[in-house]
Amino acid sequence: MHQYSIAEMSQGLERGDFTSVELTQHFLDRIDEHNAEINAFVTVTAELALEQARNADAVRAAGQAGPLTGVPFAHKDIFCTDGVRTSCASKMLDPFVAPYDAAVVERMREAGMVMLGKLNMDEFAMGSSNETSYYGPVKNPWDTERVPGGSSGGSAAAVAARLVPAATGTDTGGSIRQPAAFCNLTGLKPTYGRVSRYGMIAFASSLDQAGPFGRSAEDCAYLLSAMAGHDERDSTCANEPVPDYIGALDQPLKGIKVGLPKEFFGEEMPASIRESVDAAIEVYRAQGAEIVEVSLPNAHLSVPVYYVVAPAECSSNLSRMDGVRFGHRCEDPKDLQDLYTRSRAEGFGDEVKRRIMVGAYALSAGYYDAYYLKAQQLRQLISDDFKKAFEQVDFLLSPTAPETAFKFGEKGDDPVSMYLSDIYTIAVNLAGVPALSMPGQTVDGLPVGIQLIGNYFDEARLLAAAHQFQLATDYHKASPEAFA
Amino acid sequence: MSLTADDVKKIARLAALDIRPEQVADYEKNLSSILNLVEQMDAVDTTGVEPMAHPLHMVQPLRDDAVTEEDQRDHFQEHAPATEDGYYLVPKVIE
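As they're listed, the protein sequences go chains Z and F. For the first sequence, the residue numbers in the working numbering are 290 to 773. For the second sequence, the residue numbers in the working numbering are 2 to 96.
Keep in mind that a hint or two might mislead.
[Unchecked claim] Once the Cα atoms are required to be at most 27 Å apart in a straight line, the calculated BS3-like pairs of lysine-lysine come out as:
1) 696/Z with 30/F
2) 623/Z with 93/F
3) 700/Z with 30/F
4) 677/Z with 546/Z
5) 623/Z with 10/F
6) 623/Z with 11/F
7) 380/Z with 93/F
8) 380/Z with 30/F
9) 11/F with 30/F
10) 677/Z with 543/Z
11) 11/F with 380/Z
12) 10/F with 380/Z
13) 380/Z with 677/Z
[Stated by the list, open to error] Derived Cβ-Cβ restraints for the label pairs, each shown as a range:
14) 335/Z with 44/F: 52 to 62 Å
15) 575/Z with 11/F: 57 to 67 Å
16) 72/F with 325/Z: 36 to 46 Å
17) 343/Z with 77/F: 27 to 37 Å
18) 65/F with 494/Z: 22 to 32 Å
19) 23/F with 311/Z: 35 to 45 Å
20) 536/Z with 48/F: 39 to 49 Å
21) 68/F with 580/Z: 50 to 60 Å
22) 701/Z with 24/F: 14 to 24 Å
23) 303/Z with 77/F: 39 to 49 Å
24) 83/F with 560/Z: 51 to 61 Å
25) 303/Z with 92/F: 55 to 65 Å
These are computed hints drawn from the structure, not numbers from a lab. Where is the CB? At the ideal position from N, CA and C, for every residue including glycine.
Produce the complete structure using the sequences and hints provided.
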């Protein structure tokens, strides 16, 4: 049952092959059996899940089921869930039980989906390996000595190990796409503003976007249909119609123009990754797509620009964690200042503190123009590069990451070496365009992600292009043997 | 760009983080490394480029000036570290 796609689960439920309670119990049993091996779940909500499953079965019996009614999934622990701990994998929020539901949580529930629990992640979504979690690192089901990627590593590992059919994640600089790449999944970062950020704990507000993880583009199309849409509680959420993502999957590739950003195909790309990317390009060529070289001349500045913009916004967003109204408070504060500084020093991990400090510095008197303003200007240039590229082509293709899943501790003590894991994904967040990662040809038995980048609100085109690729290839069907 | 120990202490104060003396050297090294990365930005002349604050150039939406929130103070304070009579408790501020 756990190898079914979302469409197959939906059909099985509709035919009465199994009930949502049976499906839910099956996945809860798998979590019991396997979660300790990969540490993907922070919280399992078994009772709540079975209650939601019983409701879903009743809704179906009443003839009111939608395509996702009764299908289990799990949320990254960054989405507020009313009455359920919402930790952001931080000691700071370890005691935090959210008093309301995030918009994404509401929407998935309204679609009838069954939440199995909350998934591990890098602390406050800051990391590319899941090593910064307060609850310990998530392990990659393909090789448990390797990282699952980050920050949505729990989401990726849980779906890859088939402990859950699908999951939500968030992507500020690559946090959906890079773990999807490392775990052989399809993961989509929608256009900035496509999905409401209401109740999603903020890291960098002008970059954060929620999106789905599935085993295929088709799975992601189902999930995005439930997640996307206007929400007046998030003033940056776009009031744009939500197209029929599932109906659009059949768009053929013939005559489509695929752009290869030449700056992404330089010497930094290892030959093994290049081979996998070339194989993907051939699949598109064979289906009648035209392959065109394009240029993103400022893309090489994305990582430096990101490490000003994201820390600046994070230092501001995380100032609400002060030990006063919620979250961790230090013992016996001697005065108010001591309460703030000690609660924060105890509550935040090293990487979060580093980013808060970089942000505080970049925004401080005398440095604002040199750092934050400069970064915003470059962000404009990076964004313009994408606009020009999309005048020539329908979407762009590149690797998702410059490597396969690396080993724990491999990146050493210098934070910058970890930051460079995101060289192909970060520009997308700065521009705000949508992008997905889908499985390509493996290297030494490890998954490789192929990234497709689209124009604003062109998710349907991206999902269709990935779906057509997946009709022609089997890469996405592979799952780790230890969890078969 | 290299930060000094005094810079690190000043930044920690701005960020409201209590940094132990033995951690200062580590922060000096790591923050300097991040700032060196960031300085690659200087290679491009951005004179006259409009700064981009937001990916979609949207107009801020407006709504009617009407009450939309209910009072949920008790609910929100259920998980607060310390409260009394509906107030959040902190150490005495004025001597």
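Going down the list of hints, with the structure as the test:
1. 696/Z with 30/F: holds, 24 Å
2. 623/Z with 93/F: holds, 9 Å
3. 700/Z with 30/F: holds, 16 Å
4. 677/Z with 546/Z: holds, 14 Å
5. 623/Z with 10/F: Answer holds: residue 623/Z to residue 10/F is near 20 Å, not above 27 Å.
6. 623/Z with 11/F: It holds: about 21 Å lies between the C-alpha atoms, which stays within 27 Å.
7. 380/Z with 93/F: Holds: residue 380/Z and residue 93/F sit about 26 Å apart, inside 27 Å.
8. 380/Z with 30/F: Judged against 27 Å, a Cα distance of about 25 Å means the pair holds.
9. 11/F with 30/F: Given pair residue 11/F, residue 30/F holds - Cα atoms ~15 Å apart, limit 27 Å.
10. 677/Z with 543/Z: Holds: residue 677/Z and residue 543/Z sit about 22 Å apart, inside 27 Å.
11. 11/F with 380/Z: This hinted pair holds, its Cα atoms lying about 25 Å apart.
12. 10/F with 380/Z: holds, 23 Å
13. 380/Z with 677/Z: violated, 44 Å
14. 335/Z with 44/F: 52 to 62 Å: holds, 54 Å
15. 575/Z with 11/F: 57 to 67 Å: Check passed, 59 Å falls within 57 to 67 Å.
16. 72/F with 325/Z: 36 to 46 Å: holds, 43 Å
17. 343/Z with 77/F: 27 to 37 Å: Holds - the Cβ-Cβ distance for residue 343/Z and residue 77/F, about 30 Å, lies within 27 to 37 Å.
18. 65/F with 494/Z: 22 to 32 Å: Holds, at about 25 Å.
19. 23/F with 311/Z: 35 to 45 Å: With a Cβ separation near 56 Å, residue 23/F and residue 311/Z fall outside 35 to 45 Å, so the hint is violated.
20. 536/Z with 48/F: 39 to 49 Å: Since the Cβ atoms of residue 536/Z and residue 48/F sit about 48 Å apart, the hinted range of 39 to 49 Å holds.
21. 68/F with 580/Z: 50 to 60 Å: Given a distance of about 57 Å, which is inside 50 to 60 Å, the answer is holds.
22. 701/Z with 24/F: 14 to 24 Å: holds, 18 Å
23. 303/Z with 77/F: 39 to 49 Å: This hint holds: roughly 41 Å between Cβ atoms.
24. 83/F with 560/Z: 51 to 61 Å: Once the Cβ atoms are compared, 59 Å apart, the range 51 to 61 Å for residue 560/Z and residue 83/F holds.
25. 303/Z with 92/F: 55 to 65 Å: At roughly 59 Å between Cβ atoms, residue 92/F and residue 303/Z fall inside 55 to 65 Å, so the hint holds.
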